[in-house]
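Chain order of the listed sequences is A and B. Going by my numbering, the first residue of the first sequence is number 5, and it counts up by one from there. Going by my numbering, the first residue of the second sequence is number 902, and it counts up by one from there.
Just so you know, these hints were derived from the structure itself, not from any lab. Backbone N, C-alpha and C define an ideal beta-carbon position, used for all residues, glycine too. Hints should not be assumed to be uniformly reliable.
[Stated by the list, open to error] To give an idea of the chain B side of the interface with chain A (calculated C-beta under 8 Å), a few residues:
{"hint": "1", "residue": "L960"}
{"hint": "2", "residue": "A976"}
{"hint": "3", "residue": "Y1114"}
{"hint": "4", "residue": "H1122"}
{"hint": "5", "residue": "L1136"}
{"hint": "6", "residue": "A1177"}
{"hint": "7", "residue": "L1332"}
{"hint": "8", "residue": "S1401"}
{"hint": "9", "residue": "R1449"}
{"hint": "10", "residue": "D1472"}
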Amino acid sequence: MAGARAFFTNLNERPRVRAHVMAWEANAPLAVVLVVLIVVGAAFAPLYAVLVGTVIGAAARHQSVTAPLIAIGAVYAVSQVLGPARDAVTGMLNRRVDDRVRAEMMEAMLRPHGIAHLEDAALQDKLELARGIAWGITPGSTVGGLAQLWFSRLSSLGSLLLVARFRWWLAVVLLVANLVTLRSKRKAFINLTQIYGQGTERLRKSSYFREVALGADAAKEARVFGLGPWAIDRFDGAWFETMREVWAERRRGGLVVSAGLLLKGVVTVSAFLYIANAAFAASARPPQDFVVIIQALLSVAGLSMVLGNPELILEQGTSAIRPTIEVERDIATHSASAIRGDRDDVTEPRHSIKFENVSFGYPGRDDLVFDGLNLELPAGHSLAIVGDNGAGKTTLVKLLARLYDPTSGRITVDGIPLADVDPAAWHRQLAAIFQDFGRYALTAAENVGLSNFGDEPDLDALNRVADRVGIRPLIDGWEHGWDSVLNRQFDKGVEASGGEWQRIALARALFAVERGAHVLVLDEPTAQLDVRGEAELYDRFLELTAGLTTVVISHRFSTVRRADRIVVVEHGKVCEVGSHDELMAAGGKYASMFELQAARFAS
Amino acid sequence: MTTRGVVPKKPGLRATWRSITTAMRIGFKATPSRMLGLSVMRGMTEFSGPIQAWGVKVLTDGFFAHDHAGAIRGALLVAGALVIGDALSWTQISFLMSVRERVGQAMDRELIGLAMDVPGIEHYERPEYQDELQLLRQQRGQLANIPDSTIGTAGLVLRSVTTMGLLAAIHPALLFLPVFGIPAVVVGGVVERRARRAEESVIERMRSYYWLYATATEREHGKELRVFSTRDGMLRRHNDLSAEVTGEITTVNNGSELLTGLAWLMFTLGFVAVTAFVAVRVKNGDATPGDLALALSLSQQINNQLTGAANTVGFMMRCARVGYRYVWLSDYAKAAKAAVIPVTPAALPGALRDGIVFEHVSFRYPGTDVDVLHDVNLRLRAGSTVALVGDNGAGKSTLIKLLCRFYEPTEGRILVDGVPLSDVDPAEWRLRMAAGFQDFARFELLAQTAVGVGDLPLVDDSAAVHGALDRASALDVVADLPSGLDTQLGRSFATGVELSGGQWQKLALGRAMMREHPLLLVLDEPTSSLDPQTEHALFERYAGAARRVGTEVGAITVLVSHRFSTVRMADHIVLVGDGVIAEEGTHAELVGLGGTYAELYELQARAYR
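Okay, chain A solo, but in the shape it has when bound:
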């Protein structure tokens, strides 16, 4: 039983099988309709061949052609309509499959509560291939490929039956020759698509220069440093280096096909000559029978033709299906070491959040960011974290938010280990501004009300937080107000400046507080503000963080010194803790850092 299940799981993970299953799952009734259309359409191929023989035979014998004409006209008319009908159903299934694959990939990537899988470059590559980027052919396109493939297989099979009725061995020979050729071509197509897939990582080294040239990020420096011709050289170099290998592989694959083509060529020519001869045998059937067989031979030959070959589309389409299977598998692996927990009774912290002997290193890296970190965040108070670049301040936030779990040690909230808590429930307790906060192509209401995404916007709460961070006039000034999309490329699109975005991100965090979050994380909340903006914000720091358990990370002492408590993190450990005044009195690292800055303002 287990063996059988394993067998079916394996089968289902073969891309071509999966392509069939996907079409079926997308919409079973439509899939049935498609099968019927294909079978009926395919049956018309031998029927048409027979009717061609009949009409020619009748005319040649000077008999009435009316009946055969009506018959062939009717068959022709029906097959004319069957084509578009097949295309319509294929299109419907195609789009549904693509919608489903996208939804599944999106769901898979959003499933883990942590973010380690997002850092996995190989997984990102697979995701990209799953979109059918390599060929512009999406997983759903396989429906069209499959429809064509089965149509051509079945109609050729029908035609082979006509040949078999005349000489069964000839049908067998033709079938074998065509299958061999098909197989060699399919191998070659697989070869073509897979080689290309393997080149993607390396080709990215080349396309990187294109992205640099066409993107705005490096525009200024590229000009100042005169990088144009150099970038072109590098682009060329990396591309040809990779492609030369791809081409060499491809040439090797080509030889197999040539052998297949040769076999098919010999068999085809022999078959036609044999039929042409057979018609002149003493006991030959009437000539129109041979016309039918010739029509059938032509139809069989179509089975392994190259151009418009469904195999190619199918291979390219399945090269997008394969990674979808792998993404699911990778996410399952990531979930095995997942961030989980089922206690959902976590409420606002009443006493403190504690880091107890926490060690942490990023997956796949040997060095530890924290090694035995101990830290207490008193509930309802603010804590500032100070340290050099790379001291792990942002990592600390990631641990607190359970985007990663500590390698050893634990974090507790009022004594409850965070590792036991449902991550989703904990996230509802959190509000944060990240240093690299998102500038989403959503409406202003959704950008601020991100923690309420997908539900009706709460206009009162939106206006309240907008007032508090001073963006109300900005939003009211836009033609579509809260419905303005904060991306110029969309309808109702507007553009916000860096400073405006910073305030929107702040409003986003405050909105989450309105919705019941009690832990506020501010990672460089004023980085994009000018002197005045920064001064305004820190003047209101106490008001904004009142009653919240706040963690603030900033280079700016104006912000830091207002926190109830300050910790200095160095070499993965806390080296000083205390209020501004305490730390200044202690005369340690904080004091020296502060004084260094202060000295420059002493006039």
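With the hints as your guide, set chain B onto chain A.
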């Protein structure tokens, strides 16, 4: 979609022609032998069908006329055409792939050149140009299809002519057959238009759900999306939008298929008429059975050709539309270069003695009607360090952009030791300057290269890079990398190491320090992501070096910063406000003045008391 593109959505015939010829030219330049080979093979393949049809006729006549030799001849014709056609198609596929790949590469290469050759950055910053560039970037794959779809269209014409010739050979009256195909051709156009209209009406929503998909799956927003619990909302929105769009497209598409089916039914009339006409002639002995076989084959082929025609021509036109965007960029680049690069460039002095002077400089961004800078007169003394301060949007960055010649002043001029900057070749000017920006590039290259590009002749010189990193106080970044300067940076690559914002910024600063003796060094908030200690160390160190270079070549350092601890070190401070120079002087002078500078300084200083 509100893409404010400047390229017309429906380019005229001339534009289409230009985009096709441009693509063909690039194709023939990139890989002449393959383009030629593809054209010839495609042409030969087109004869395979008609020859097969003719072979069937000969064979059939052989059968009915008991002409054994004729039958053999016919069989050889059919089988030969079949086998050769098959072999040609196979060879064509690899040619086709090669052509697409090489033409794609050549197009990309041209694109890189076009985008990078323009001395200014208007095309990256002006919304409507940016949109075009963005679209070109997304759809550039289509460009590579122009040559083969054009060759395909030409092949189709060739094949149609051959087919018609054969039809006429049976009986000239049969030339009427294609008339029955007119509905199909008309419907083909209608279907194409319906598809385009449908796409236009859903494109905004489609972009929305693709955007949602990308945002949910990319690394960038992983933290925020989780902390703000957006998962269910995003999935729901994606699924709703895509179901809605798919529903609408399906309705339109099914209607189109119905129309197509009806049009093809009309063609059936032609098929029956032709068959009946020839059958009766055979019956009456006016034609041979082979003629009837030929007519049947040809009708079938015309049917396929008409389907093919609609697809092939439609595809070519779609690709050509993208091609026209390329033509636009090429025109723009040509004009933009001609406007900025002087015909007889003036030479720059080896060292600055006087300095850089802004004379009545005004500037407004192209396509806008508000002056960002208005009648600015400013003197940057040779050998001095000048700090620019002011609120966001006051015009500091614009001043910098004019100095770097990313834009040219709308009015007035900039003089470098008396030489108008506009008389100097921008490339020449840039060889003599260096810069670090707040929106620095994160070059995902080897660390050595990412820094070394700051002075291309020394790009592979590790001692030079080491020196530059030292001057930028950035050696610690490289010390932390697993393979030092040979480490691949950036997460786009499997072996790449991702850096923090501060680390990237330090490397950018190292890049700016590569050229040791520039006439002008621009530092536009180059330390915003760094902590105060690093910044302090950097500027202590830098100030010394700047003075030294300053005395050697009269170099000017222009610094933009919000940190007054840094600003006050400058020899000369310029407060920019509302597009004019509001205040200027030394720190002491400006504090003494008690104006805006003093106020801003006080705002920051009080945090340290």
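Hold the hint about B/L960 up to the distance rule: shortest CB distance to chain A must be less than 8 Å.
With a minimum Cβ separation of about 6 Å from chain A (threshold 8 Å), the hint on B/L960 holds.
Go through the hint on B/H1122 and say holds or violated, using the shortest Cβ distance to chain A against 8 Å.
5 Å, holds
Given B/A976 as an interface hint, is its Cβ closer than 8 Å to any Cβ of chain A?
4 Å, holds
Should the interface hint for B/R1449 be scored as holding, given a Cβ-Cβ cut-off of 8 Å against chain A?
Hint on B/R1449: violated, closest Cβ of chain A at ~22 Å, above 8 Å.
Is the hint on B/Y1114 kept, meaning its closest Cβ partner in chain A is under 8 Å away?
Holds: closest Cβ of chain A sits about 5 Å from B/Y1114, inside 8 Å.
Against chain A, is B/A1177 within 8 Å by beta-carbon distance?
Holds, about 5 Å.
Restraint: B/S1401 near chain A, CB-CB cut 8 Å. Satisfied or not?
Given a least distance of 6 Å, the restraint on B/S1401 holds.
Agreement of hint B/L1136 with chain A interface, Cβ distance less than 8 Å
Cβ of B/L1136 sits 6 Å from chain A, so the hint holds.
Proposed interface contact between B/D1472 and chain A, which counts if any beta carbon pair is under 8 Å:
16 Å, violated
So, B/L1332 near chain A? Judge it on the closest CB pair being under 8 Å.
This hint holds: B/L1332 lies near chain A, its Cβ roughly 7 Å from the closest one there, short of 8 Å.
Of the numbered hints given earlier, the model fails hints 9, 10; all others are met.
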